[in-house]
Every structure is written in structure tokens, then in C-alpha cells.
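Student: Given the coordinates of chain A, work out where chain B should sit on it, guided by the hints.
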Amino acid sequence: DAMVIQNPRYQVTQFGKPVTLSCSQTLNHNVMYWYQQKSSQAPKLLFHYYDKDFNNEADTPDNFQSRRPNTSFCFLDIRSPGLGDAAMYLCATSTRTSAQETQYFGPGTRLLVL
Amino acid sequence: GEDVEQSLFLSVREGDSSVINCTYTDSSSTYLYWYKQEPGAGLQLLTYIFSNMDMKQDQRLTVLLNKKDKHLSLRIADTQTGDSAIYFCAESLGATNKLIFGTGTLLAVQP
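Residue numbers (this note's numbering), protein chains in the order written: chain A, 1 to 114; chain B, 1 to 111.
No wet-lab data here; the hints were simulated from the structure. Cβ atoms here follow ideal geometry from the backbone N, Cα and C, with glycine treated the same way. Check the hints yourself; a few may be wrong.
[As the list claims (entries may be wrong)] If you only want the chain A side, here are some residues facing chain B, beta carbon under 7 Å, derived: (1) 8; (2) 42; (3) 102; (4) 105; (5) 107; (6) 108.
[Stated by the list, open to error] Restraint-style ranges between C-beta atoms, simulated for each label pair: (7) A:14 - B:17: 46 to 54 Å; (8) A:20 - B:80: 35 to 43 Å; (9) B:73 - A:27: 27 to 35 Å; (10) A:55 - B:27: 18 to 26 Å; (11) A:72 - B:39: 26 to 34 Å; (12) B:52 - A:17: 44 to 52 Å; (13) B:28 - A:55: 17 to 25 Å; (14) A:26 - B:39: 37 to 45 Å; (15) B:50 - A:72: 26 to 34 Å; (16) A:27 - B:27: 28 to 36 Å; (17) A:9 - B:71: 29 to 37 Å; (18) A:7 - B:80: 30 to 38 Å; (19) B:44 - A:41: 16 to 24 Å.
Isolated chain B (complex conformation):
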């Protein structure tokens, strides 16, 4: 089935690390994505990971993938107020590249 779940809300202090978690159900997913959405705006691609990898680092972002548990996480180091947004994980399905999005996690960064 197609189901991607995330916790709804995360609050951190500026300078701390943020970890946003995601679980998915379709084991055939080959690519998993993290998108950022600021209020009233579209989706900005942050990073992605291929299913045969277990970690990917890109500047302040670290993606961890546990394929056995179908668990994906996004760690943001040194979180800034500009990181406040909704973060969506998404899995890409099969031949049509259909993206199944999670419910989104609202990250609030306190100064």
C-alpha cells in the first residue's frame, strides 16, 4: 500500500540539531525525497537518497535510511530560524515517478 507518515510538529532552539522522522510502507520505493515548504509557497527539493544507500550528507543536512524498518530521517545541523517550514518526505513509486508525500512536519525554530 501507499502510506507515508510523519510526526506533525517539532520545536527546537536556534543552533540545536533537528531530526525529522518519516516511515513509509512501500518496500519497492527506489528513491526517497525531502522537500521543504515555506508558508504559501511551493515545494523546494532539499535532498534525496537512493534506496541502496543508508546515509547521505549534504552540508547541514544528513539523511538516514533504514530500509529494513522503512524509516527515513532528516537531520538539520545548527538549525536556523530560516529553517522554519513544513518538511515533507516523499517516496517515488515505479515507472510513473509518482510521488507519495507524507503528512508533513512543521518545524518551529525558537530564537
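Excised from the complex, chain A in its bound form:
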């Protein structure tokens, strides 16, 4: 059974047109993460939620926002996508933020910006 679900698997948007990617989890984990993985690169953390507390990485562009309406769902909003935002976006969850807590990843959503 899928534990971290991301929809859609592929998303096409136009330059400058807002887009939302979604993530849901059945693990009841407290923490949800969003990573960006550009082609042939390592995943890079954008931000995470610990319960309702939002934690942004210092170098995450303002163009990227996130919402977490409840424990199960977390959304990634890209306000004005540029060509450079085309990437795979990975959602992950963990029970807590301490180092020994394994992060479980979803299958990712690949975003294409035209």
C-alpha cells in the first residue's frame, strides 16, 4: 500500500502560470518535506513542516510556497514558474526531525514548464 502519495506524477504548466503539486501520507507522520531534484542532480530540501510549523530553507526562492491544511496533506505552490523550475519534486515524511528518523519518499512529480 502506498504510504506517501504524490499527484500528479507528471505536471505540465506554462511559464508564469501558478501550479500546485500535492502530497498525501497514510503514515500519520508529524513532518513533511519538499525536495527539488533537477536533472542529474541531487535532491535539495526546499522546506518542511513539523506539524503546523513551517520551516523554510534559507536559499529557497520566494516563488515557492507551501501549505499543510492537515496532517495528511501538504501542497507545494509555485507562484510564477520559470523554465529553471522544471524538475522532479519529491515529498517525504518522518515521525520527527531528529537525525535517526527515517524519511520516506513519495514517487515524485515531474514538472515541465513550457
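Tutor: Leaving out everything else, chain B in the frame of chain A:
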């Protein structure tokens, strides 16, 4: 600083052992992970090691950690074609459990 490096590519024959290497720079890392990523897919956790250990074995996988040299390796015994994928090592930093990923190693298994 935060920097995790891996060799880009490894090719092995089916049935041989594969060894994927990783170096990291942050000595405060407490947990180190290996993830597998198949084409177009998300990250699958393979194994992890706590920094006070120097070896961990899990079926065909053996993780070796040299904390002094900040060197981590993943050995896959009896490599199969289904093991072909990109392998990422990652270190977990501090209180936020932020994962810093290496550049990934593409493992190609020749039949």
C-alpha cells in the same frame, strides 16, 4: 560545510560485487543513509548507519563507515540487473533532520 560527493558512474557484471563510495564533510553527521532511485521514480531507502558504527550488514548490502576519513561505502553482493539505478548517499544534519544528498552514482549492471 555541507558537501557530499560520489563517483558518477559504476559498471559491473551480473553476479559481481559492486562498491559505491561516498565522502562527506560534516563531522557532526549522526546518521548516514543510502537511497536507491530507479528511472523516473522516487527515492527508496536501502539502509542507514549510525555514526558510532563502522559496519552494518543487511542481506546483500554491506555499509562501511570510516568516520576519521569521512568515507562511506555501500557494497552490493551478487549484483543483479534489477540493481541498476542511481544510488545516493545522504547525511542527516542536526535537529532538523535535513538530508544532504550526494551527487548520485549510476550503477549499470551488465548481463
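Student: Does the beta carbon distance between residue 26 of chain A and residue 39 of chain B stay inside 37 to 45 Å, or does it fall outside?
Tutor: violated, 25 Å
Student: Take a look at whether the Cβ-Cβ distance between residue 44 of chain B and residue 41 of chain A falls inside 16 to 24 Å.
Tutor: holds, 18 Å
Student: Okay, residue 27 of chain A versus residue 27 of chain B on CB: inside 28 to 36 Å?
Tutor: holds, 31 Å
Student: Confirm or reject the claim that residue 9 of chain A and residue 71 of chain B have a C-beta distance inside 29 to 37 Å.
Tutor: Since residue 9 of chain A and residue 71 of chain B have Cβ atoms about 36 Å apart, the given range 29 to 37 Å holds.
Student: Cβ-Cβ distance between residue 14 of chain A and residue 17 of chain B: within 46 to 54 Å?
Tutor: At roughly 48 Å between Cβ atoms, residue 17 of chain B and residue 14 of chain A fall inside 46 to 54 Å, so the hint holds.
Student: Min Cβ distance, residue 108 of chain A to chain B: is it shorter than 7 Å?
Tutor: Nearest chain B Cβ about 5 Å off; hint holds.
Student: Could you tell me whether the CB distance from residue 28 of chain B to residue 55 of chain A stays inside 17 to 25 Å?
Tutor: holds, 19 Å
Student: For the hint 26 to 34 Å, verify it against the beta carbon of residue 50 of chain B and that of residue 72 of chain A.
Tutor: holds, 30 Å
Student: Using the Cβ atoms, figure out if residue 73 of chain B sits within 27 to 35 Å of residue 27 of chain A.
Tutor: Given a distance of about 30 Å, which is inside 27 to 35 Å, the answer is holds.
Student: So the hint says 35 to 43 Å: do the beta-carbon atoms of residue 20 of chain A and residue 80 of chain B match that?
Tutor: Distance hint for residue 20 of chain A, residue 80 of chain B holds at roughly 39 Å.
Student: Any CB of chain B closer than 7 Å to the CB of residue 8 of chain A?
Tutor: violated, 13 Å
Student: Would you settle whether the hint for residue 42 of chain A is holds or violated, based on the nearest Cβ-Cβ distance to chain B being less than 7 Å?
Tutor: The hint holds - residue 42 of chain A has a Cβ within 7 Å of chain B, the shortest such distance being about 4 Å.
Of the hints listed earlier, those the structure fails to meet are numbers 1 and 14, in rising order.
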